[in-house]
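Visitor: Residues per chain, in single letters:
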Amino acid sequence: MWNAIALFFHKLASPKHFYRISGRWIPWLGGITMMLLLSGLYLGLFVAPPDYQQGESYRIIFVHVPSAWMSLFVYVFMAVLSAIHLIWNIKLAEVMARSSAALGASFTFLALATGSLWGKPMWGAWWVWDARLTSELILLFLYLGYMALVSAIEDSRAAARAGGVLILVGVVNVPIIHYSVEWWNTLHQGPTVTKFDKPSIHISMLIPLMLMALAFQCYYFTVVLMRARVELLDRERRSAWVQELFLNSRVP
Amino acid sequence: MSGIFPVLQALNLECLRGESLLFEGLSFGVAAGEILQIEGMNGSGKTSLLRILAGLSLPSEGEVLWRGENIAERRATFFAETAYLGHHLGLKTELSVAENLSLALALKGMAPSSGSPALVQVGLADRADALVRTLSAGQRQRVALARMLASDALLWILDEPFTALDASGVALVKRLLEEHAARGGLAVLTSHQAVELRSGLSTLALA
Amino acid sequence: MSGIFPVLQALNLECLRGESLLFEGLSFGVAAGEILQIEGMNGSGKTSLLRILAGLSLPSEGEVLWRGENIAERRATFFAETAYLGHHLGLKTELSVAENLSLALALKGMAPSSGSPALVQVGLADRADALVRTLSAGQRQRVALARMLASDALLWILDEPFTALDASGVALVKRLLEEHAARGGLAVLTSHQAVELRSGLSTLALA
Amino acid sequence: MKLLLRAFVALLQRDLLLAFRHRGELVNPLLFFMIVVTLFPLGVNPEEALLRKIAPGVIWIAALLAGLFSLESMFRSDFDDGALEQIVLSPHPLPVLVLAKVLAHWLVSGLPMLLMAPLLALFLSMPAKAVWTLELTLLAGTPLLSLIGAIGVALTVGLRRGGVLLTLLVLPLYIPVLIFATNAVTAAGAGMPVAGQIYFLAALLALALTLAPLATAAALRISLG
Amino acid sequence: MKLLLRAFVALLQRDLLLAFRHRGELVNPLLFFMIVVTLFPLGVNPEEALLRKIAPGVIWIAALLAGLFSLESMFRSDFDDGALEQIVLSPHPLPVLVLAKVLAHWLVSGLPMLLMAPLLALFLSMPAKAVWTLELTLLAGTPLLSLIGAIGVALTVGLRRGGVLLTLLVLPLYIPVLIFATNAVTAAGAGMPVAGQIYFLAALLALALTLAPLATAAALRISLG
Ligand code: HEM
Ligand SMILES: Nc1ncnc2c1ncn2[C@@H]1O[C@H](COP(=O)(O)OP(=O)(O)OP(=O)(O)O)[C@@H](O)[C@H]1O
Ligand SMILES: Nc1ncnc2c1ncn2[C@@H]1O[C@H](COP(=O)(O)OP(=O)(O)OP(=O)(O)O)[C@@H](O)[C@H]1O
Ligand SMILES: [Mg+2]
Ligand SMILES: [Mg+2]
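Chains as they are written, first to last, in this note's numbering: chain A, 1 to 252; chain B, 1001 to 1207; chain C, 2001 to 2207; chain D, 3001 to 3225; chain E, 4001 to 4225.
Worth flagging that the hints you see were computed from the coordinates, not collected in a lab.
Heads up, a few of these hints could be off.
Stated by the list, open to error - From chain B, some residues computed to sit far from chain A (all C-beta separations above 12 Å):
id : residue
1  : Arg1067
2  : Asp1126
3  : Ala1128
4  : Leu1204
Claimed, not checked - Below, simulated DSS-like cross-link-like pairs (lysine-lysine); rule was C-alpha separation at most 27 Å, straight line:
id : chain 1 : residue 1 : chain 2 : residue 2
5  : A       : Lys16     : A       : Lys120
6  : A       : Lys120    : D       : Lys3129
7  : B       : Lys1174   : C       : Lys2174
Backbone N, C-alpha and C define an ideal beta-carbon position, used for all residues, glycine too.
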């Protein structure tokens, strides 16, 4: 059993197989994303009742919360990938990490933008110096720093390793940032959804929220695979399998 | 020390710089008492090769062995026995010649006093207390040579060691190389000038 | 252009660096069609002299005349006719070869297009769009030579122009010097290698 | 004249190109500016009333430091690689060439800050009527920072690690700019007239435009000599 | 072991010597620190109540920026002149050598600020009881700045003009230090307990002391490679 899994990952880690397998996955992932997104939007925008306090404006939660969750997930995922890359020298992990950065930054930006759109009716200001908001802003800077560093280093191997070191240093800091900021000042909504025992959110809002969260997750994997495939082709352009691929395909 | 088996070995090295492949499948060995001159036109990849041999950069393929072990895995032993003299001399211009040498020795894990004989050899004994900033290009090159001598390394890696040296300096370097080889040392060097040594010189041409 | 009267004249130059007097009372002239090689051991003051001749630093005594006028007073005319190639090449590594050349031409007040024949001459025509950062030491030296050629200067001031060049590069520079002299140009250069030219070479030894 | 213009444009173009090539360089003085501004709510108490009060000072000090941080790039790398020698050896008047480099520095550092400042002012809840004045002071003030800074860099570029010394030389000269600018912005926030301060900044700018390139050119020759 | 200690001391000595030789370098992070602090009363309204309120933040932000300003000197000149290659090629463990350089940086930048801070606190009319806490936070915090900063410099030193990129990488990592330190100082001024924050800073320092040299060493090898 373990051997089979190890073999699967070993195979997947080879660029050639990854390219082939991911090519098969992408259409399915894309389809699932569309379905989740449409049903989540429908349930969220048309079925879920307006909030008794916030009226309609709360519906921004269906974009805000998933993107905020993704912004954190992507960073941690990048750190895991970087560790894999640095320890076992698996190139594919680094390609995935690099392809994730721009997406993670976009999710972060989206969380910030939707949050501040929501903040205006809720708190009467686009921006307040609250803990969540501040740590999310710092997260954006961490993403931008990674992207700037990786694009500034010409040699792609050196860029990959330097980026990996930076992401790992950053991920050590993310909880520290989180708690320091949390502890320093809090205004933002406390845990509402993630209180497992008794979610303080109505089920008719929870379901579309979960659908949207899943949709965002699938969207991320779809796009990151697509980006990684392109990046991989570029990296491996001198290798036999890429040459072969383009010789055999019927170029219009 | 055996003079037959290569102490330094390059196995199947490949070097990619940007778009271009400088060399691939490059394998060679350097035995004790051997001086290897890397030859090649401007831009053929000599500097890139030396940096790989010195353990400063990684080849895109292949490995470098020192006494049969990959240098990336046995850094401490390899670095203890190697001296690298590259295009940038690595001297602090605001420190005196003697201070530069004693730091270099401490970094190589040696006693701090052994610098001065080397200074005598390169003909800078009277400038030991001068700041390197006040030295001319050739004098600095001599200081770097003194550092290499004092480090007592078995393997010398020299990128164009004759740069900026006057005639007496060039003769000095040639003599040092001959003595080093006679003691069983190894050297890999590049130079666009002809290096005529009495013995032990072999050459490797990069395409 | 008269080949008899010196176009460049050094009058009674003195150079003090820190505590030491490198030279004093140094006077000489360079006439059209003449190549002057400054000789001297490491640290004898060649670089210091060239920087004074180029107008980059001031001598502690004496003056440099160009067509009979002090260069510090007639900077524009002097600089327009002079090309200086020092130890630091002055190329921007993040710009391409062609961009470097066209900037240099604009700075010298010339048409931007005249760079490419010079590139052909130094053998880098096919690298015109490469970033200088990606060039090897010898290739960069060639770009600097191309800049000097393109600037159409009458006076060349070259500090060790053979640095990092391979055999074909050394031959190229010698040929360029000969052609420059034949056209009536002047050059002052230093080199630790013997410079054998067919004609026009004179030497000046610094103590 | 036409040749001089061509040299000016070529040098300007070169510096902008270099800034673009280092993709980082183009965006970064701006990012630095933003980060410093965001440090204040973090380091100081993030109450709105307090932030509003210190906002003009914070934004201007951040602009000043961001300009300062990027100053060294104006001549340092040209000095290190010998390109400055080639510029100084040009037959064109050096002050004009210096002006091209200063302009490039401003386009890369000052102008983006000018565009970004309103957003940051919003972050620190600055009143809207003060934002206009902030923009005016930045418009006159940031070129001043580049011009004055150039003199400092030119003087210290020959010294290795001149960076911190540079700060020491340049900051005292920046102080009048800072005082007048923040004064104007604070006054505007309180609804008072600000024409006096703006005229003063404009006059300083005119003065610096004529004198700073001369001083910078002289300092460069000394640094190389 | 003895040899390693000797190498550590030699490198430390060398960096201190270099800092002394450039007379400027020794005094300037300090002067920079002082200048930035004095900018605030100039740029912001100089009322005592307001100053007192923003004093902890201002002093800490100034310390942070002064540290940042001097960071590049930790590896940049060694990179440019090839001395870094010689250090990396030492048989001794690189993280230990890195630690010597970080210590030197702290002795030149952090320590003088630590000594100067009480005076500046007085200048901004900070209450006396908060000054002690300020000193404690600086004692734990400034070495943290040097350690974290070293990672950033090591990553960017291979890039020309990495200076501003460095800021972008390092500042977000500095923010927790800033928040905890200023929070403690403000709390102390209000007579509240501060042990929690101080312990947290000390724990961060311990973490950084063990991990940062490793990350820095790895980054240096990458930058040279
Ligand atoms: C720019 C402004 C904002 C930013 C940057 C922001 C950021 C975040 C982040 C990072 C999370 C994920 C927290 C986690 O899972 O650990 C989150 C969750 C959430 N946000 Fe915001 N937010 C902003 C404004 C708002 C506003 C105005 C509201 C509504 C009052 C809001 C309501 C929520 C809710 C309900 C959650 C889910 C909490 C949970 O159960 O985990 N946010 N936000
Ligand atoms: N960072 C880089 N990116 C792309 N190409 C590079 C890079 N660095 C070097 N090169 C290329 O690699 C080739 C070899 O460079 P290298 O410096 O090793 O040559 P070399 O043999 O030492 O030449 P020289 O005799 O001129 O010193 C050159 O053609 C150069 O264009
Ligand atoms: N800034 C300085 N302060 C003090 N002395 C200096 C300074 N710069 C150079 N010197 C001294 O001046 C002398 C001449 O230096 P210069 O660089 O002109 O020599 P050079 O003839 O070009 O030598 P090389 O052949 O080695 O290049 C050297 O002995 C050097 O020690
Ligand atoms: Mg080379
Ligand atoms: Mg010289």
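Visitor: Output the indices of the hints that this structure fails to meet, ascending.
Guide: 5
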